Amino acid sequence: MKNCCRLNEISWDAFAAMDVMAKAPYLSQDGREYHVLVAQQFTRARLEALGTLATRIRRIAKEEDGMTFLRGLLNNHRAMLYFSQPSSRTFLSFCAACQILGMEIGEVRDTATSSEFKGESQEDSVRTFSSYFDLIIMRSQIGGLAERMAWLLSNTERPVPIINAGSGKDQHPTQALLDIYTLQRSFERRGSIDGKTIVFVGDLARGRTVRSLAWLLTNYRDMTLLFVAPKELQIGPDILAMLDAARVKYELMGDFRKAIPMGDAIYMTRIQDEWDSDAGESRRIDTSQYNFTVDHLRHLKPEAVIMHPFPRRQEIAVGVDDDPRAVYWRQMRNGMWVRTALIASIFGKDTLINDQKPWST
Amino acid sequence: MKNCCRLNEISWDAFAAMDVMAKAPYLSQDGREYHVLVAQQFTRARLEALGTLATRIRRIAKEEDGMTFLRGLLNNHRAMLYFSQPSSRTFLSFCAACQILGMEIGEVRDTATSSEFKGESQEDSVRTFSSYFDLIIMRSQIGGLAERMAWLLSNTERPVPIINAGSGKDQHPTQALLDIYTLQRSFERRGSIDGKTIVFVGDLARGRTVRSLAWLLTNYRDMTLLFVAPKELQIGPDILAMLDAARVKYELMGDFRKAIPMGDAIYMTRIQDEWDSDAGESRRIDTSQYNFTVDHLRHLKPEAVIMHPFPRRQEIAVGVDDDPRAVYWRQMRNGMWVRTALIASIFGKDTLINDQKPWST
Amino acid sequence: MKNCCRLNEISWDAFAAMDVMAKAPYLSQDGREYHVLVAQQFTRARLEALGTLATRIRRIAKEEDGMTFLRGLLNNHRAMLYFSQPSSRTFLSFCAACQILGMEIGEVRDTATSSEFKGESQEDSVRTFSSYFDLIIMRSQIGGLAERMAWLLSNTERPVPIINAGSGKDQHPTQALLDIYTLQRSFERRGSIDGKTIVFVGDLARGRTVRSLAWLLTNYRDMTLLFVAPKELQIGPDILAMLDAARVKYELMGDFRKAIPMGDAIYMTRIQDEWDSDAGESRRIDTSQYNFTVDHLRHLKPEAVIMHPFPRRQEIAVGVDDDPRAVYWRQMRNGMWVRTALIASIFGKDTLINDQKPWST
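These protein sequence lines map, in sequence, to chains L, E and G. For the first sequence, numbering that gives the first Met the number 0 gives the first residue as 0, with consecutive numbering after it. For the second sequence, numbering that gives the first Met the number 0 gives the first residue as 0, with consecutive numbering after it. For the third sequence, numbering that gives the first Met the number 0 gives the first residue as 0, with consecutive numbering after it.
It is worth saying that the hints were derived from the structure and are not from the lab. Keep in mind that a hint or two might mislead.
[What the hints assert, rightly or not] Pairs of lysine-lysine residues, derived as BS3-like cross-links and limited to a Cα-Cα distance of at most 30 Å, are as follows:
no.	chain 1	residue 1	chain 2	residue 2
1	E	Lys248	E	Lys300
2	L	Lys348	E	Lys248
3	E	Lys348	G	Lys61
Since the model is a prediction, treat every value here as computed from it, not as a measurement.
Just chain L, same shape as in the assembly (with noise of 0.2 Å):
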């Protein structure tokens, strides 16, 4: 049996039945993520870690031989893209981030692969990727299933590490991990991620981004979490729930204009209609005031920053993308670096990229 994590060592079903917070010592190998499934598993210590590995990659990667440096790190390993559920963006920010590694890539996108694997079981399908390839990184709409996934390979002769590139409604780790790694660098001339007061703003109830970043929040000390949405898409009692076990202050709000000059980060979110019945119910509800206007800048702390894990639609005027404020672009490149330090990270380079000189001086 190969390099693994401890996935081996537990059958399927006491492995699912586990609350998640149970699974995450499973994932780890020698205290780094070996499958990357769900946001919970990631520390407060590991989240650091990966936010000063990710900058340090991105400074390396400003110099010609320091991209010569990391293209060789990873070069002889081959990784699968496997995205059923589409997403240009988090695909292309992936693919990104093997190429900044030197990893050849392999890709299947295609939302028809039921028809094009003739009927063979995603068991199947995913395990057939392992056979050629070194890493598999997947989406799929189906909930659990990267899970599943980890577990089976991690029970094979040849395990290959897993990471969720979003799964059903539920998780989309690396989302949250670069919604972290944004906080990280916005605050880090104000000392750190604690004590700020983060307000969430539109669908609430569906986007997975909100959920999982807020778990990863309770991390941090004195934070202070504002959800304001209309009450059709407030956030879920679960995540109140976690958030009350957790001793996180928040508050729901439904007017936007009084929350602003609240926040330290306002973080912005679309209308998840795909997630409609065929009725539409999002269609009837009016969202007019949960977007944010070129207005509402001078109601905005000076220091505060706006995000939104993209793609937007009219939640954000497109006039504010010139505010310094406004960081949802670096946002988005900010996924490409935490997602290569991730990957980095999985095949133990880490030691080698923060030892590297003349970087490292």
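The hints should help you fit chains E and G onto chain L, whose structure is shown.
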């Protein structure tokens, strides 16, 4: 005229009219395959040379500097993967093989290729690819298309080799190659393929893999082939005539359970219902007794192997996967190695690989 | 603000309102193209510099160590190929060009891009690509989109160059570039393009290649352009006005056979029926006499060349392909070389290529 095979010495009509065995000499150059079009072009000597090369590549690839050596072999070459008939498995396997050798890849995987090319002929499309790439790997629903293209390209100023990755109902030569390689590896401690009994099960009427493999097995001595299928899906008379001519022993059977203990290799196949007419004739055939179940394992010889070209549906129970005699996952990975060997050989890199120290010692 | 062109010195409205010739200076940097948007931005000096560079790259690429040198030039760069209008030929040509220079590639080739990006604006999509890649090569059904994107990106913190690989009915500047390069090569033993007669045949009303090439030919002296088409598909008055202004001789003809012996180059085109209305007006036009047949070859000058931007349908008989004057296959490969030259030039690698020994001697 560049380096090429002898296909530019003959007219298309004369070549097309030839028996498949007569075609073989036209496809080679300096004793190696140039175009890879039909299973019949592989002699036993070539099967063994390619198997040995694949094993060597597999071992070299276990070391970091071995991988680096392999990636340097064809890193100035580019391959076109033109898959107008969908197949992610064969596609990804070739993709990985090219990447192992350092080749860059271009791809067209659209099934709506005809519209994409605005009504141009297949000949013009493929010749276009040859303008930009050094190797064309093509899969098509159209029988004989790869042959036609190979002839055409051999008669241009810029001939490039073509590998047939599956054409119509007829040929899929690299699948046959990986099957032979899997048999070679499976029997290497028991002498060789000679003298073994191979049991073919399932849809033998329409699966091109069985046809090609049966042909290649005529290269070996004292073989016994057992064809186990419902009578509507039994192997065709043309294959039996070919076996008769080659004096290979065979038997047609209806009872799978009786065949299992006789086999050194059990070659399972899927019902190829994509070739059904609209009436869906294969749905009316009871194939349930032609599935390999966990219970069957105790009837299987201790040293026998179970193979499957994949994708599978219900022909092999998932519970069988854990048995060490189930080699179909290894078979899949063998495909990657033997395709790597084949491509390296086409470009004359076999000698370099065989001589390379320290792995040559 | 990073290195870029002068597009950040002007408002979008002012730029959009400019004449195409007035736009040109805004697209360059240090005397080289930065964004490549319109055929009109190439001066004769630049056409010759790029042609010379392409020929040099072509020769360097004949040697193994030359290929290695080329692959090292941009191997720390990544290119995004964003083709929302399908075109495998142009796509693969750019793909190969990037790979020759060592660039990694990301791609979006889906025609259903709108759904894929969940309703985000084209501007946001392209700006997303610029977050992950160093060059964007885009093709779109929407006229002027590439221009808009070039302006937008030039006004961000992270400008990246854009190459227009075809937009709407209007521009396809790299096609014009490869046509000019093909004419340069075809006439290099006969002086230059100056003084030659170019015969354009087919659908001259709607083919953007003819429009762009006609424009570029005004850079040369003593040209004669013959436009041969059924009257419904004749060249537009805007092009004729442009030729008048540039004092280029031209003639409109209906009789193809009469034109053939007059041409130094015969530029054949396809009926662009994808621009037809539902009524399919071009199907009612008899275009049969505008096809180049084998019989026409004996009327063609001994040193003339036959070109076609491809794909072809019946406009050129396949039997013509074997005539040495049929250069359309070479023209296709020229596209790869001149695009390689263009990309190398955008990133300022032209000097390095021109100076590189041993090929510089």
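Now the hints, each set against the structure:
no., hint, verdict
1, Lys248/E <-> Lys300/E, "holds (20 Å)"
2, Lys348/L <-> Lys248/E, "violated (56 Å)"
3, Lys348/E <-> Lys61/G, "holds (18 Å)"
Consistency with the previously given hints fails for number 2 only.
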